[in-house]
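Protein chains: 2
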Amino acid sequence: MALRHYTLDFSLSTAVDSASTVPVLLSIFHEQEMTETVHDTDGRGYLATFVGKNGRLVILRLHAHGLLTIDLQCYEGDNIAQLDSLLNTLEKKLKVLLNGKITRVKRLPPLIRGAKVDRYWPTTDGRLTEYDIDRVLYDEDSAYQNIKILHSQQFGNMLVLNGDVNLAESDLPYTEAIMGGGKEDYAGKEVLILGGGDGGILAQAVKQKPKMITMVEIDQKVIDGCKKYMRKTCGNVLDNLKGDCYQILVEDCVPVLKKYVLEGRTFDYIINDLTAVPISTEPEEDSTWEFLRLILDLSIKILHPKGKYFTQGNSANLTEALSQYEEQLGRLSCPVDFSKKVVCVPSYMELWVFYTVWKK
Amino acid sequence: MALRHYTLDFSLSTAVDSASTVPVLLSIFHEQEMTETVHDTDGRGYLATFVGKNGRLVILRLHAHGLLTIDLQCYEGDNIAQLDSLLNTLEKKLKVLLNGKITRVKRLPPLIRGAKVDRYWPTTDGRLTEYDIDRVLYDEDSAYQNIKILHSQQFGNMLVLNGDVNLAESDLPYTEAIMGGGKEDYAGKEVLILGGGDGGILAQAVKQKPKMITMVEIDQKVIDGCKKYMRKTCGNVLDNLKGDCYQILVEDCVPVLKKYVLEGRTFDYIINDLTAVPISTEPEEDSTWEFLRLILDLSIKILHPKGKYFTQGNSANLTEALSQYEEQLGRLSCPVDFSKKVVCVPSYMELWVFYTVWKK
Numbered sequence: 001m002a003l004r005h006y007t008l009d010f011s012l013s014t015a016v017d018s019a020s021t022v023p024v025l026l027s028i029f030h031e032q033e034m035t036e037t038v039h040d041t042d043g044r045g046y047l048a049t050f051v052g053k054n055g056r057l058v059i060l061r062l063h064a065h066g067l068l069t070i071d072l073q074c075y076e077g078d079n080i081a082q083l084d085s086l087l088n089t090l091e092k093k094l095k096v097l098l099n100g101k102i103t104r105v106k107r108l109p110p111l112i113r114g115a116k117v118d119r120y121w122p123t124t125d126g127r128l129t130e131y132d133i134d135r136v137l138y139d140e141d142s143a144y145q146n147i148k149i150l151h152s153q154q155f156g157n158m159l160v161l162n163g164d165v166n167l168a169e170s171d172l173p174y175t176e177a178i179m180g181g182g183k184e185d186y187a188g189k190e191v192l193i194l195g196g197g198d199g200g201i202l203a204q205a206v207k208q209k210p211k212m213i214t215m216v217e218i219d220q221k222v223i224d225g226c227k228k229y230m231r232k233t234c235g236n237v238l239d240n241l242k243g244d245c246y247q248i249l250v251e252d253c254v255p256v257l258k259k260y261v262l263e264g265r266t267f268d269y270i271i272n273d274l275t276a277v278p279i280s281t282e283p284e285e286d287s288t289w290e291f292l293r294l295i296l297d298l299s300i301k302i303l304h305p306k307g308k309y310f311t312q313g314n315s316a317n318l319t320e321a322l323s324q325y326e327e328q329l330g331r332l333s334c335p336v337d338f339s340k341k342v343v344c345v346p347s348y349m350e351l352w353v354f355y356t357v358w359k360k
Numbered sequence: 001m002a003l004r005h006y007t008l009d010f011s012l013s014t015a016v017d018s019a020s021t022v023p024v025l026l027s028i029f030h031e032q033e034m035t036e037t038v039h040d041t042d043g044r045g046y047l048a049t050f051v052g053k054n055g056r057l058v059i060l061r062l063h064a065h066g067l068l069t070i071d072l073q074c075y076e077g078d079n080i081a082q083l084d085s086l087l088n089t090l091e092k093k094l095k096v097l098l099n100g101k102i103t104r105v106k107r108l109p110p111l112i113r114g115a116k117v118d119r120y121w122p123t124t125d126g127r128l129t130e131y132d133i134d135r136v137l138y139d140e141d142s143a144y145q146n147i148k149i150l151h152s153q154q155f156g157n158m159l160v161l162n163g164d165v166n167l168a169e170s171d172l173p174y175t176e177a178i179m180g181g182g183k184e185d186y187a188g189k190e191v192l193i194l195g196g197g198d199g200g201i202l203a204q205a206v207k208q209k210p211k212m213i214t215m216v217e218i219d220q221k222v223i224d225g226c227k228k229y230m231r232k233t234c235g236n237v238l239d240n241l242k243g244d245c246y247q248i249l250v251e252d253c254v255p256v257l258k259k260y261v262l263e264g265r266t267f268d269y270i271i272n273d274l275t276a277v278p279i280s281t282e283p284e285e286d287s288t289w290e291f292l293r294l295i296l297d298l299s300i301k302i303l304h305p306k307g308k309y310f311t312q313g314n315s316a317n318l319t320e321a322l323s324q325y326e327e328q329l330g331r332l333s334c335p336v337d338f339s340k341k342v343v344c345v346p347s348y349m350e351l352w353v354f355y356t357v358w359k360k
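From first to last, the protein sequence lines stand for chains A and Z. Taking full-length UniProt numbering, the leading residue of the first sequence gets 1, the next gets one more, and so forth. Taking full-length UniProt numbering, the leading residue of the second sequence gets 1, the next gets one more, and so forth.
These are calculated hints, taken from the structure and not from any lab test. All values reported here derive from a predicted model rather than from experimental measurement. Fair warning: there could be bad hints in the mix.
Where chains are identical, the list cannot tell them apart; a pair therefore holds if satisfied intra-copy or between any two copies.
[Stated by the list, open to error] Derived pair list, reagent style DSBU-like, types lysine-lysine, alpha-carbon separation capped at 30 angstroms:
#1 K183 to K232
#2 K227 to K92
#3 K106 to K242
#4 K101 to K221
#5 K359 to K95
#6 K340 to K53
#7 K221 to K209
#8 K92 to K228
#9 K228 to K106
#10 K183 to K341
#11 K53 to K106
#12 K207 to K340
#13 K211 to K92
#14 K340 to K360
#15 K221 to K95
#16 K340 to K183
#17 K53 to K101
#18 K116 to K92
#19 K106 to K221
#20 K101 to K116
#21 K360 to K228
#22 K207 to K183
Go ahead and model the full structure; you've got the sequences and the hints to work with.
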């Protein structure tokens, strides 16, 4: 049974003494037959907690510097209409009581805590965002990561790896961006996809009849989940590991890249769709950055002189992480140039940076 | 001084008794020199509050049905690193203590309550979303509404009317969608814009050299704010109320529409960019829906037989509101057909429906 946590906050232009504010509120909570405890705050404003029936809990704080906060916790099965009406009463009474001193009233949608289906997946830049998720379709721990596929009302099915939103069925703009923004011709080309287990890139690429696409995805369980629940993204390309013009290697990409380097193979397009912190069975480098650079370095070595390397970067807001990535690009064994583009990926709720890299 | 509100929740596969869990936590809070109150919950699990120095408050609840919730409130100026470390300690200890019974650990980004700059603007479908807002540029109450222009790191400046995110500088997709998705030719056409005070549509439309654009915006203060702070959206079109091929009437659109009906004027394109609940000086109709239909009805009367009427609908998730709108379309004095499209508007954090309406 989940906990609904409501907040109702009044920002005030001036400090307000509790003697003029609190009694009115007390009478409301007493009507609800709640048991009150007034706490000693050591001079830092007024603080009282109220425990009611059915697990209801109210925290009332009148802060010393002109802020009044109310928390109301109750269980999912409680009478929601009654609670809304309680909050309405509180808001109305306080608006009268604090009239002329209010700079903001904020009553947020309740936080649902401990629900069966979790709707909160913060953005990469650390903001609290609630998704319209109503079902968990797939929830598996592989040897590498936790894999969830969740149903969002508006975004369709959504792949979440280790808590990071990876791709939803609404996110064709992601796939288009990481394939060069619709400006490339894949026909007759040699293509290498690193990661990409959701099948989105592969499904779009095969439509253009390349010579051969090799996709290297480490996690069979990602493929298993996506081929069942992300069909709007992958179509039928994940149903078999081999197709007319593609093969999927369920392997760690690092040894594969090393083998290709030794063999002197080259690719016209290399698309790095690995997670932000790539997964490997043998992370021989100490830091994430060094590991990222290793993959970049190996990839550029097997990139055709006229080829292009595409990759996702990071949240547009994480300017420091983006700078660090660009610094890595300047330290490869083969000199490269790059361009970047900011793209809106629907399910991300934050703008995302994509890179194109090529040999100088 | 804002309040930072952290939450740390453990969902458990089974109910856990407080005797085995609570003492370890108590010792942590006692180390922090917090004063404890254990509350009587009438058999509904364990509930204790802890009041510390500097206004810190902890609420610890071990719910009867297998959920443990911790709230930690502190002031903005508190030692954040110390609090993070306290939460880390709690999380670590509980993971050991509850080992084998944990189905989910959820630690959300803290809710910032009563901050100078408010970052929480829920979506139209009622979800809690935090924006990357760092500055308030414009905050005015007009005769019609509260107008805010806020700076978002990723979306640029953002117009918020009565708490609803209207348009950010990142939102060219909104303007393109409400102008017909880039498939229309405005050259030499008669265009009417209802609302549109941010100047986005006007700025895009003038580029196409229509015969004449008439924009009817009720609120001068929206224009004033946008022409100063939304220049990436409006360019210089709001600097004057008249231009080569446009005029801006700062008026209520209803009387203007009625006048046009009487005069028998027609327009090739009518773009309704009014807020979801339109503002009027004389709302002669009782309900919002009837008022919406009045505006629709008047607009269709002055729409050229081969003309098109564009408007925003609503959140893609508000299927009932969308159905009701479509019902209104079936009840106009002049029969119409319509099509709709779902578009991702970057700053909305929810998919949005746009309508095209034409005479049968």
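Okay, the hints, checked on the actual structure:
When the C-alpha separation of K183 and K232 is checked against a cutoff of 30 angstroms, the pair qualifies both within a copy, at 23 angstroms, and between copies, at 26 angstroms. In this homomeric assembly, K227 and K92 never come within 30 angstroms of each other (Cα to Cα): the closest approach is 52 angstroms inside a single copy and 36 angstroms across copies. In this homomeric assembly, K106 and K242 never come within 30 angstroms of each other (Cα to Cα): the closest approach is 55 angstroms inside a single copy and 40 angstroms across copies. With identical chains, the CA atoms of K101 and K221 are at most 30 angstroms apart between copies only, with a shortest distance of 24 angstroms across copies and 57 angstroms within one.
Taking CA atoms no more than 30 angstroms apart as the test, K359 paired with K95 passes in neither setting, with 64 angstroms inside one copy and 48 angstroms between copies. For a Cα distance limit of 30 angstroms, the shortest separation of K340 from K53 qualifies neither inside one copy, at 57 angstroms, nor across copies, at 48 angstroms. In this assembly of identical chains, K221 and K209 lie within 30 angstroms of each other by CA distance solely inside one copy; the values are 27 angstroms within and 55 angstroms between copies. Neither within a single protomer nor between protomers do K92 and K228 lie at most 30 angstroms apart by alpha-carbon distance, with minima of 51 angstroms and 36 angstroms respectively.
In the homo-oligomer, the alpha carbons of K228 and K106 lie at most 30 angstroms apart only across protomers (27 angstroms), although the nearest pairing inside one protomer, at 42 angstroms, exceeds that limit. In this homomeric assembly, K183 and K341 come within 30 angstroms of each other (Cα to Cα) both inside a single copy, at 13 angstroms, and across copies, at 25 angstroms. For the identical chains of this complex, K53 and K106 are neighbours both inside a copy (26 angstroms) and across copies (26 angstroms), given an alpha-carbon limit of 30 angstroms. In the homo-oligomer, the alpha carbons of K207 and K340 lie at most 30 angstroms apart both inside one protomer (25 angstroms) and across protomers (28 angstroms), since each shortest distance falls under that limit.
Taking CA atoms no more than 30 angstroms apart as the test, K211 paired with K92 passes in neither setting, with 69 angstroms inside one copy and 51 angstroms between copies. For a Cα distance limit of 30 angstroms, the shortest separation of K340 from K360 inside one copy, 16 angstroms, qualifies, whereas the shortest one across copies, 46 angstroms, does not. Taking the shortest alpha-carbon separations for K221 and K95, only the inter-copy value of 26 angstroms comes in at or below 30 angstroms, while the best intra-copy value is 54 angstroms. Both within a single protomer and between protomers do K340 and K183 lie at most 30 angstroms apart by alpha-carbon distance, with minima of 14 angstroms and 28 angstroms respectively.
Taking identical chains as interchangeable, the C-alpha atoms of K53 and K101 lie at most 30 angstroms apart only when they sit on different chains, with a minimum of 28 angstroms there against 33 angstroms within one chain. Taking the closest pair of Cα atoms, K116 and K92 come within 30 angstroms of each other only across two copies (23 angstroms); inside a single copy the shortest separation is 33 angstroms, beyond that limit. Taking the shortest alpha-carbon separations for K106 and K221, only the inter-copy value of 24 angstroms comes in at or below 30 angstroms, while the best intra-copy value is 43 angstroms. With identical chains, the CA atoms of K101 and K116 are at most 30 angstroms apart between copies only, with a shortest distance of 15 angstroms across copies and 41 angstroms within one.
Taking identical chains as interchangeable, the C-alpha atoms of K360 and K228 are never at most 30 angstroms apart, the minima being 42 angstroms within one chain and 43 angstroms between chains. For a Cα distance limit of 30 angstroms, the shortest separation of K207 from K183 qualifies both inside one copy, at 15 angstroms, and across copies, at 25 angstroms.
Figure legend: structure checked against the earlier numbered hints; hints not met, in rising order: 2, 3, 5, 6, 8, 13, 21.
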